[in-house]
Amino acid sequence: MSSSENPQNQVISFTIDGQPVQARPGWTILETARHYRIHIPTLCFHPALKPWGSCRLCVVEARYGKRGKVMPSCLNPPIEELEVFTDSERVLNVRRWVLEMLLAGCPASREIKKLAAAYGVTSTRFAVTDPEEECLRCGRCVAVCNEVVGVQALTFGSRGVKKVLETPYRVPNNACIGCGCCVSVCPTGALQKRLDTVRGDLSRRTGHGYAH
Amino acid sequence: MQRLTNTAELKVLRDNLLQAQDPHRPIVRVCRGPGCLAVGADKVSQAFQSAIQSQNLEVKVQPLVKDTGCHGFCSQGPLVNLAPANLCYVRVKPEDVEEIVQTTLVKGAVVERLLYSDNGTRYKSAADIPFYRMQQKIILQNIGVIDPLDIHDAIMAGAYHSLAKALIEMSPDDVIRTVEISGLRGRGGGGFPTGYKWKRTVENAQENPGPVYIIANGEEGDPGAFMDRAIMEGDPHAVIEGMAIGAYAMGVNQGFLYVRHEYPIAIRHLAAAIAQARALGLLGKNILGAGFDFDLQINRGAGAYVCGEETAIIASLEGRVGEPVTRPPYPSQQGLWGRPTVINNVETWANVPHIIDHGAQWYADLGAPRSTGTKIFSLVGKVKNTGLVEVPMGISLGALVEEIGGGVPGQGRFKAVQTGGPSGGIIPYELKEEFTDYHFHPPDVKPADKMELSVDFDSMAQTGSIMGGGGMIVMDDHDCVVDLARYFLRFLEEESCGKCLPCRLGLKGMLEFLNNFSQGKGAPADIDALESLGKALVDGSLCGLGRTAPNPVLTSIRYFRDEYLAHIVDHHCPAGVCRDLITYRIDPEICNGCTLCAQTCPQVCITGANQQLHTIDQDACIRCGACMDVCPVDAVVVD
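So the sequence lines, in the order shown, correspond to chains G and D. Position one of the first sequence corresponds to residue 58 (the working numbering), numbered consecutively onward. Position one of the second sequence corresponds to residue -18 (the working numbering), numbered consecutively onward.
Incorrect hints may appear among the rest.
Stated by the list, open to error - Quick list of in silico lysine-lysine cross-link-like pairs, DSBU-like style, CA-CA up to 35 Å:
id: 1; chain 1: D; residue 1: K489; chain 2: D; residue 2: K502
id: 2; chain 1: G; residue 1: K171; chain 2: D; residue 2: K180
id: 3; chain 1: G; residue 1: K170; chain 2: G; residue 2: K126
id: 4; chain 1: G; residue 1: K171; chain 2: D; residue 2: K502
id: 5; chain 1: G; residue 1: K220; chain 2: D; residue 2: K502
id: 6; chain 1: G; residue 1: K250; chain 2: D; residue 2: K489
id: 7; chain 1: D; residue 1: K88; chain 2: G; residue 2: K219
id: 8; chain 1: D; residue 1: K266; chain 2: D; residue 2: K(-8)
id: 9; chain 1: D; residue 1: K266; chain 2: G; residue 2: K126
id: 10; chain 1: G; residue 1: K219; chain 2: D; residue 2: K489
id: 11; chain 1: G; residue 1: K107; chain 2: D; residue 2: K489
id: 12; chain 1: D; residue 1: K180; chain 2: G; residue 2: K123
id: 13; chain 1: D; residue 1: K41; chain 2: D; residue 2: K88
id: 14; chain 1: G; residue 1: K219; chain 2: G; residue 2: K107
id: 15; chain 1: D; residue 1: K41; chain 2: G; residue 2: K170
id: 16; chain 1: D; residue 1: K489; chain 2: G; residue 2: K126
Just so you know, these hints were derived from the structure itself, not from any lab. Predicted model only: the values in this text are computed from it and were never measured.
Chain G with its partners taken away, still in its complex shape (with noise of 0.2 Å):
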């Protein structure tokens, strides 16, 4: 899979859905796609961060030869000869149970419920915990405050179905520096309710470095 046998002006082909494409080396499969203005779901993705991998909604099926993989499209690079299929039946089969699972998960979120019907999926089987959630735990606020902002001022605590999204420690943090990255990435909205537990005391704040 390693991209490193191009040469740099050398182009990789391959085909997503029958179409034939080209991506430069370094592109991952997402990315010529978007390219070519073919459509493939996120929610974690992010051009200004690197990819995650956590929502895989934007999972495609590449077959090479004989073997066919389900895989998420923001991470991996193509390889010469690749055929990709941004909508096989195993494909959709995980997305529209992502989606299904996200309504339960995050009911209050629009955009989900939006996403979501666009594949058919109006109604969910699983059982809502909280009404009023709209966070799917993406990692986006997290990787913008410490990729681009550098400030490290969110993080994930805990494990499995009781991951939450809070500040390092659960206590209020000087670090951050109000800056709102993480409130313009959330896909969702759901960060707009916590900046204030995030931000911390206002009245403290200087400004980056200050609580390190």
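Based on the hints, put chain D in the right spot on chain G.
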């Protein structure tokens, strides 16, 4: 300890140790494996120590008491082996020790009542017992024999002999080629060819010069599995030697042992073994004068099952949260601190010295053609002989369960075997189906009938299960597949790191389905929905945990759909396990009015006078089954 400066000195040390050993000196080997410790092996060991030190012991040579690793026959613990008489005593209690000392050590006679007996036959030595006779011990050969806290004992048994051989007789490339030809595949469950992994890592390191790291994965978290634990506790030098050989082959100077914190004895024994190996110059700078530096460090896992996944181990070692990341890049390309890294299971590393010692061809001839060598299994569940067994790959599942395991105890009927822990599947006793599902491996091998199924990586994968780390849970007709699938899902839901949505939400969702089924709720169509959700997890999840998590559910639906339907349609649990679907009642024909059940019932809902028929108040009953367990005449029946 004198530092060894060349390989000849290692040989001299070994010869001297062997010569100094008195072959007639009695040795008492007390098993200190997890099973025996739980039933009081440490008290047995102390009893031996004090009995032997007492003044009036009339023996020519003072016997030696050794605390060893697991002997394997856990259902018969605490186990004691006596050399050179070659006796195996089972279920030894501290009270029995005085008799063993007086009868066996002093007079040289046998304590008949402590021998293992089966069907009227008494077995004197361990090698004759059917449980041991069918096994082929290679990795386990020193476990239970040597004292894991004494490097001299290990050296006498041949430890570090293969390292010396590799250092003087073989080039690094020779070692890799030997491992490659041997056909050794990763014992952690994936079955990736070890030699190929090493070769790729070396190639990646050549393209991108710099340090290479090796890691031993000792984060064994499957419920009911204790293979790696036995190796680390019973023969830590095998792991260290295997890693040192691998390090030599790949030009590595630093290795890591990632061991779960729940294994304190393993950590203690490994730490002692590393310290002693360093003192002897078998680790550290200029090992055995060969100009090769290698050292090891133990890192403890903080109790996360997902940290058995290789990218999560790397994250944990780097000090990040133990969450997997997507491969590629594989650890052999960019692993620990971005450098090529080899992660092998503890058992895989422990295989390496044997391959170097006996040669690639010897190893390739063991076991099955594409799954060479032996494999350790922990055999548990509804089987007479539970314990740790090592068998050549390719042995039939039936032979493993019925002959070594001794079959299902009591009245039960053999129903299925669950292999590979939470990532594995449930393989039924009657296995007849053709395998065509695209989610499972392509059907290039025809499945065998019944339990003729060969135990090797490929045949197990054909059934939809996996070989896995080596956990093997035998089920009889009193075990419910829905309940077992639910148990594993609950475990995985707890242990999922929560990074990717299919795993975090999907396991919760699958558990919701199964909880409904176990309460008799749901529609037959829900079984198909659950199957489809399971396939979404297989395809959609980020790491091996999520990708294999649906296996117990998918295989149980595939082979036991009737049992699912019985829960949903008939509201009946055929195995009598799911509490919401069963009732306990007392058979008036059998009940003798002993009152035991009434005394035991935690709900105090059983009424009846002495010598009179007892009855259970169904409204108050919580279906705990305590009455059934205590009834001496089996009058409590479950409907």
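Quickly compare the C-alpha distance for K220/G and K502/D to 35 Å and report which way the hint goes.
Status holds; Cα separation ~29 Å.
Restraint status (C-alpha distance of K170/G to K126/G at most 35 Å):
28 Å, holds
Are the Cα positions of K489/D and K126/G separated by 35 Å at most?
Cα-Cα ~24 Å, so holds.
For a C-alpha distance cap of 35 Å, please report whether K489/D and K502/D respect it.
Holds. K489/D to K502/D sits at ~17 Å (cutoff 35 Å).
Hey, K219/G versus K107/G, does the alpha-carbon distance stay inside 35 Å?
Roughly 24 Å between the alpha carbons, so the hint for K219/G and K107/G holds.
For the pair supplied as a hint, K41/D and K88/D, is the alpha-carbon distance within the 35 Å limit?
Given that 35 Å is the threshold and the Cα spacing comes to 11 Å, the pair holds.
Given the hint that K266/D pairs with K126/G, does the C-alpha gap stay at or below 35 Å?
46 Å, violated
Would the pair K171/G and K180/D pass a check requiring their Cα atoms to be no farther apart than 35 Å?
49 Å, violated
Could you grab the alpha-carbon distance between K250/G and K489/D and see if it respects the 35 Å cut-off?
The hint holds at about 26 Å.
For the pair supplied as a hint, K266/D and K(-8)/D, confirm whether the alpha-carbon distance does not exceed 35 Å.
Given pair K266/D, K(-8)/D holds - Cα atoms ~20 Å apart, limit 35 Å.
Given the hint that K41/D pairs with K170/G, does the C-alpha gap stay at or below 35 Å?
85 Å, violated
35 Å limit on alpha-carbon distance, applied to hinted pair K107/G and K489/D:
Cα-Cα ~28 Å, so holds.
Violated hints, listed in ascending order, are 2, 7, 9 and 15; each of the other numbered hints is respected by the structure.
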